[in-house]
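Chemist: Residue numbers (the numbering used here), protein chains in the order written: chain V, 15 to 123; chain R, 405 to 521.
Each hint should be verified, as a subset may be incorrect.
What the hints assert, rightly or not - Stretches of chain R that chain V covers, calculated by requiring three or more beta carbons in the stretch to come under 8 Å of a beta carbon on chain V:
| # | region |
| --- | --- |
| 1 | 445-451 |
| 2 | 508-514 |
What the hints assert, rightly or not - Below are the DSS-like pairs computed for lysine-lysine, each with C-alpha atoms no more than 25 Å apart in a straight line:
| # | chain 1 | residue 1 | chain 2 | residue 2 |
| --- | --- | --- | --- | --- |
| 3 | V | Lys-59 | R | Lys-415 |
| 4 | V | Lys-16 | R | Lys-466 |
| 5 | V | Lys-110 | R | Lys-475 |
| 6 | R | Lys-482 | V | Lys-110 |
| 7 | R | Lys-466 | V | Lys-110 |
For the record, the hints were derived by calculation from the structure and aren't laboratory data. Note that beta-carbon positions come from the ideal geometry of N, C-alpha and C, so glycine has one too.
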Amino acid sequence: RKEVEQDPGPFNVPEGATVAFNCTYSNSASQSFFWYRQDCRKEPKLLMSVYSSGNEDGRFTAQLNRASQYISLLIRDSKLSDSATYLCVVNNQGGKLIFGQGTELSVKP
Amino acid sequence: EAGVVQSPRYKIIEKKQPVAFWCNPISGHNTLYWYRQNLGQGPELLIRYENEEAVDDSQLPKDRFSAERLKGVDSTLKIQPAELGDSAVYLCASSLGTSGFNTGELFFGEGSRLTVL
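All chains, please: the whole structure from these sequences, using the hints.
Modeler: Below you can see the structure in the form of structure tokens.
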């Protein structure tokens, strides 16, 4: 079983839609969690951290469920420019950042 | 401020040939990482340096891969000999101290895309 698992998608949604991505992790001792964004043929960039109480940054909301070892990212009012791959990242007990395989999002006009 | 710089951007070689990638991290970032990203997958850590010390190389295939960061600044990743399965994007990243673990903020270079024929 992979340490961090994501649905690879692709998720094809119309502009303005709300879309949610899920991620599960296997190491219950994992300490911190993040979402990265990677545009096609570009490098990954940090999108946002995920806090225990949940957090929001504009149209993006991240949530963590430690009991279920589950992380989510919600994007509201999708824009064409949101099209990218979204990588779930977990900092395990050993201080290593483990990346999921990514979920591809395509927002259509 | 300059970001993480990697070279070459693209490299095509035949199997069994050697190849080397170079990375210059963001100035002042003493933690440097090499990741490998296969098509459709997330980045996988190969090696992490704190200054010139390799503190995590558990995922580095040591029979053919080697890395160095002699002066604690720029770094080189070498593959010798390359195999077909080594075709991937090799990403270098840096972070300030060990804050990357806490903030999750790694700064990646644009990557070196390797094709082994």
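Chemist: Against this structure, judge whether each hint is valid.
Modeler: Hint-by-hint comparison with the structure:
no. : hint                  : in the structure
1   : 445-451               : holds (count 5)
2   : 508-514               : holds (count 6)
3   : V/Lys-59 / R/Lys-415  : 23 Å, holds
4   : V/Lys-16 / R/Lys-466  : 22 Å, holds
5   : V/Lys-110 / R/Lys-475 : 23 Å, holds
6   : R/Lys-482 / V/Lys-110 : 22 Å, holds
7   : R/Lys-466 / V/Lys-110 : 19 Å, holds
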